[in-house]
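**Q** Read top to bottom, the protein sequences are chains E and R.
What the first sequence shows, in this note's numbering, is residues 14 to 238, in sequence order.
What the second sequence shows, in this note's numbering, is residues 2 to 431, in sequence order.
Just to be clear, a hint being listed does not mean it is correct.
[What the hints assert, rightly or not] Using C-beta positions, here's what the derived DEER-type ranges look like: (1) Glu45(E) / Arg144(R): 28 to 38 Å; (2) Glu45(E) / Val199(R): 52 to 62 Å; (3) Ala207(E) / Arg13(R): 49 to 59 Å; (4) Ile50(E) / Pro248(R): 44 to 54 Å; (5) Gly95(R) / Ala61(E): 40 to 50 Å.
[Claimed, not checked] Below, computed lysine-lysine pairings styled on DSS-like, alpha-carbon distance capped at 25 Å: (6) Lys220(R) / Lys246(R); (7) Lys220(R) / Lys245(R); (8) Lys246(R) / Lys199(E); (9) Lys246(R) / Lys196(E); (10) Lys235(E) / Lys138(E); (11) Lys272(R) / Lys245(R); (12) Lys196(E) / Lys29(E); (13) Lys209(E) / Lys196(E); (14) Lys235(E) / Lys209(E); (15) Lys217(E) / Lys138(E); (16) Lys431(R) / Lys199(E); (17) Lys411(R) / Lys399(R); (18) Lys245(R) / Lys217(E); (19) Lys431(R) / Lys411(R); (20) Lys150(R) / Lys220(R); (21) Lys220(R) / Lys217(E); (22) Lys245(R) / Lys196(E); (23) Lys367(R) / Lys411(R).
[What the hints assert, rightly or not] Residues of chain R clear of chain E, computed beta-carbon distances all greater than 12 Å: (24) Arg24; (25) Val242; (26) Ser260; (27) Ala404.
Please keep in mind that the hints were generated in silico from the structure rather than gathered at the bench.
Note that the Cβ used here is the ideal one computed from N, Cα and C, for glycine as well.
Given next are the chains, with one letter for each unit.
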Amino acid sequence: MDTALDLTLVGRDQQKLEAVAADLRIRSPRSEVRTVIGDFVNPKAIEAQVDTITAEGTVDLVLIAHGNLPNQAGCQTDLSACAQALHINALSPVMYAEAFVRGMEQVDHGTLAVIGSVAGDRGRKSNYVYGAAKGLVERYAQGLQHRLANTRVNVVLIKPGPTQTPMTVALGSAYARMAPVEKVAKIIIAGIAARKPVVYAPGKWAVIMLIIRNLPRFVFNKMDI
Amino acid sequence: MVTVASWGRLDRRPHDVYDFSDRSQIVQQLRQTAPGIAFGMGRSYGDVCLNPDGSLWRMSGLDRFLSFDESTGRIYCEAGVLLRDIQQLAVPRGWMLPVTPGTQIVTVGGAIANEVHGKNHHVLGTFGHHVVRLVLQRTDGERIECSPKTNAEWFAATVGGLGLTGVVLAAELQLRRVAGPWLVTETQPFHTLDEFFVFADGAEHAWEYTVAWIDCLSKEGKGLFMRGNHIDGGVRPDPAVRSKKMPFTPPISLVNRLSLRPFNTAYFNLKKNAGREVVHYAPFFYPLDNLLEWNRMYGPAGFYQYQSVVPRSVGRDAIGAMLREISRSGEGSFLAVLKTFGSQSSVGMLGFPQPGVTLALDFQNKGVATHRLFSRLDSIVAEAGGRIYPAKDARMPKTLFEAGYPALVKFLPYRDPGISSALSRRLMGK
């Protein structure tokens, strides 16, 4: 708590972002907390934002954590909903990562952590548009790790299981059984500190997804998940 | 629908649970989902936080600090902030919550709605005495800011108001200065109730914190009296905190006739010579917080807590009579607490603490037998002119509630018609 951090929060909603910033300033009075209203869609705008942030000083850690949970049925009937879901969950994080990594590579320093999902491990009928987006993020992170293997820039892919956040609250009774956000947050912090290439949060999902990924198709296709 | 139980685990019933995490959306969320009741951490024992088959508004996502003035100790936060988070934030900067209950894993909103108290009631009163102002959201969209001076009636109705006057969105609290996290404590064994009262009366002037553990199986009222004061303990290593968790609910209660007597005897003998110690505030204030889900130890049927307060003039006799009833029944539990309240009355119309002496005990739920014992205890409380703590209650008769809380009539007009709980329907008819 007494560590002084220099933190820039990027979000869409000014009011919500300011509330989070005010809370962080109180919890950590020695830290500098800035807010930036981001675009999240337009490549040029993202590039400009990231350049402004990078110009303020060396970036030690980037956490790309935005996304939304689209309605799968809606994506199937409405292609613009489908495109929007892919845009915000796949293209947007990739653009931010790509923009940040340039500066980090130049100074040969920093950690870039990006939140994927266990949903990206294998496509399933109940959320494969979201899963496809997260799968893209995973493949992207993998490529980035390959590219930066001989540098001091680390890339951490975080794959949370279902977590109690505003994104999942609409899921009703399933929500009550999800991991509390504090627990997942602690695992993410530890994973970033250890610079693990892939962090499942909570760790049990590594085992569950290993099984899911390796289920033969004739078994998997019979499952209602 | 999600199954929700309160701390006593007596009842596991489906609720429509809605998570509140954004103050700007609450008006709309309340309008769409009322009637319901605000739910914090579910640490109240009975049905004050429950609304079976109806809406439950989870407040723990409203957990942001809004301001903290380190020079005055005023902290302003959303209602879902935990007391633990305030302590962790404030103590390293020389401030602390003036009043906290036996667990810090409760929300600010819950602490206000139940007007909780602590071991220093005789010095600093209740949690309500340190609420500077609060923001109350009514389900019809009206937002009322109240304090002891402005909208004072709303303030008095809402503090201790069991969540029934509206949803508390945010509150400003006055913290107290401390030199650090350390306390000096002393433990003194007593063998009779008279001895307890001598210790309690003798300690009140010089000691901020006083509380006693009693062996509920001893007819005379044997126990351990503990007292503590803040000290400047300098820089010491924080205690190693190791959380343990009750991993599952045992098929039968671990607290039973076979285990209770040896347990109580062992605890008494272990602690009676503890004498003077320097301890961190956390294990002293919140001894059970590191045993996660300890409420499971009473088995699948759950448990009741019976907490009453009786006026001091009849305190010796009434407590004695209750202990005799409990001892004769062979029921009760390891968790039995006796404490004298100071002369400050509660802020809230329905606030529990009143001048006198309070006794709190857990009872494994054994159905009819347990209820028979409670009826006998009720008669003693009623005759003594005492009252029962709604935050702990799941069963008190309506008549006893009405007799114990004469300001109820004054309170009812402040109720929000869009709010209803299992407790409100049980004790107030709707």
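**Q** Please go over all the hints and tell whether each is borne out by the structure.
**A** Consistency of the hints with the structure:
Against the hinted window of 28 to 38 Å, the Cβ-Cβ separation of Glu45(E) and Arg144(R) comes to about 33 Å, which satisfies the hint. Roughly 57 Å separates the CB atoms of Glu45(E) and Val199(R), a value that falls within the hinted 52 to 62 Å. Between Ala207(E) and Arg13(R) the C-beta distance comes to about 39 Å, which lies outside the given range of 49 to 59 Å. Between Ile50(E) and Pro248(R) the Cβ separation comes to about 46 Å, which falls inside the hinted range of 44 to 54 Å.
Evaluation of the 40 to 50 Å hint for Gly95(R) and Ala61(E) yields a pass: the beta carbon distance comes to about 44 Å. Pair hint Lys220(R) plus Lys246(R) does not hold up; C-alpha atoms about 33 Å apart against a cutoff of 25 Å. Between Lys220(R) and Lys245(R) the alpha-carbon distance is near 33 Å, which puts this suggested pair outside the 25 Å criterion. With a C-alpha separation of about 18 Å, the suggested pairing of Lys246(R) with Lys199(E) holds against the 25 Å cut-off.
Using a Cα cut-off of 25 Å, the hinted pair Lys246(R) and Lys196(E) holds, with the two alpha carbons roughly 15 Å apart. For the hint pairing Lys235(E) with Lys138(E), the CA-to-CA distance comes to about 11 Å; that is within 25 Å, so the pair holds. Annotation: proposed proximity of Lys272(R) to Lys245(R) holds, straight-line Cα distance about 22 Å (limit 25 Å). Taking the CA atoms of Lys196(E) and Lys29(E), the gap is about 23 Å. The hint holds against a cut of 25 Å.
Only pairs whose Cα atoms come within 25 Å are accepted, and Lys209(E) paired with Lys196(E) is accepted, the gap being roughly 18 Å. For the hint linking Lys235(E) to Lys209(E), the alpha-carbon distance of about 34 Å lies beyond 25 Å, and the restraint is violated. Between Lys217(E) and Lys138(E), the direct Cα distance comes to roughly 23 Å. Compliance with the 25 Å bound is thereby established for this hinted pair. At most 25 Å may separate the alpha-carbon atoms for a hinted pair to count; Lys431(R) and Lys199(E) exceed this at roughly 43 Å.
For the given pair, Lys411(R) sits about 17 Å from Lys399(R) by alpha-carbon distance, which is consistent with the 25 Å threshold. About 20 Å separates the Cα atoms of Lys245(R) and Lys217(E), which keeps this hinted pair within 25 Å; it holds. Of the pairs offered as hints, the one joining Lys431(R) and Lys411(R) holds, with about 16 Å between alpha carbons and a cut-off of 25 Å not exceeded. Under the criterion of a C-alpha separation no larger than 25 Å, the hint pairing Lys150(R) with Lys220(R) is inconsistent with the structure, at around 47 Å.
Annotation: proposed proximity of Lys220(R) to Lys217(E) is violated, straight-line Cα distance about 51 Å (limit 25 Å). Taking the CA atoms of Lys245(R) and Lys196(E), the gap is near 15 Å; set against the 25 Å cutoff, the hint holds. The straight-line distance between the Cα atoms of Lys367(R) and Lys411(R) is roughly 36 Å, outside the 25 Å bound, and the hint therefore fails. The Cβ of Arg24(R) sits about 8 Å from the closest Cβ of chain E, inside the 12 Å cut-off, so the non-interface label is violated.
At roughly 14 Å, the least C-beta separation between Val242(R) and chain E is larger than 12 Å, which holds for a residue marked as non-interface. Taking the minimum C-beta to C-beta distance to chain E, about 32 Å, the non-interface status of Ser260(R) holds against the 12 Å cut. No Cβ of chain E comes within 12 Å of the Cβ of Ala404(R); the nearest lies about 38 Å off, and the non-interface call holds.
Consistency with the previously given hints fails for numbers 3, 6, 7, 14, 16, 20, 21, 23, 24, ordered from lowest to highest.
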